[in-house]
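Colleague: Counting from 1, position 5 in the sequence shown corresponds to residue 1106 in the numbering used here; the numbering is continuous, with no gaps.
Simulated from the structure, these hints should not be mistaken for laboratory data.
Positions of the beta carbon are idealized from the N, C-alpha and C atoms, including for glycine.
Check the hints yourself; a few may be wrong.
Using C-beta positions, here's what the derived DEER-type ranges look like [as the list claims (entries may be wrong)]:
1. Leu-1156 with Glu-1132: 33 to 41 Å
2. Val-1161 with Val-1105: 28 to 36 Å
3. Val-1115 with Val-1140: 18 to 26 Å
4. Ala-1172 with Arg-1106: 15 to 23 Å
5. Leu-1156 with Asp-1131: 33 to 41 Å
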Amino acid sequence: MSRVRVAMVQTNSVVGDLEGNVERIRRVLDEVADCDLAVFPEMTVAGYPLEDLVLKPGFVADCRTAVEAVAEASGRCALIVGFA
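Starting from the given sequences, assemble the full structure and let the hints guide the process.
Modeller: In structure tokens:
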């Protein structure tokens, strides 16, 4: 019977700092590189609480781009990542 290695991850995301939050996620992914699945909390990419940031033109699209960058860094590990 094979095992699935799951990493439950907590990061200190900063509201609106997509680039910084992606970098924090990448560092954690380096630490859990041997896992099969990494689970991050809601709003990991965008930070919490978003309030008016979601009304800013392009913010949600920028979040999607940030999530794509996280996916590229994931290697063979599947991810559950929350964003805006």
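Colleague: Are the hints correct? Go through all of them and say.
Modeller: Evaluated hints:
1. Leu-1156 with Glu-1132: 33 to 41 Å: Holds: the Cβ-Cβ distance is about 35 Å, inside 33 to 41 Å.
2. Val-1161 with Val-1105: 28 to 36 Å: Given about 32 Å between the Cβ atoms, the range holds.
3. Val-1115 with Val-1140: 18 to 26 Å: Cβ of Val-1115 to Cβ of Val-1140: about 20 Å, so the range 18 to 26 Å holds.
4. Ala-1172 with Arg-1106: 15 to 23 Å: holds (19 Å)
5. Leu-1156 with Asp-1131: 33 to 41 Å: Given range 33 to 41 Å: holds, Cβ gap about 34 Å.
Of the hints listed earlier, there is not a single one the structure fails to meet.
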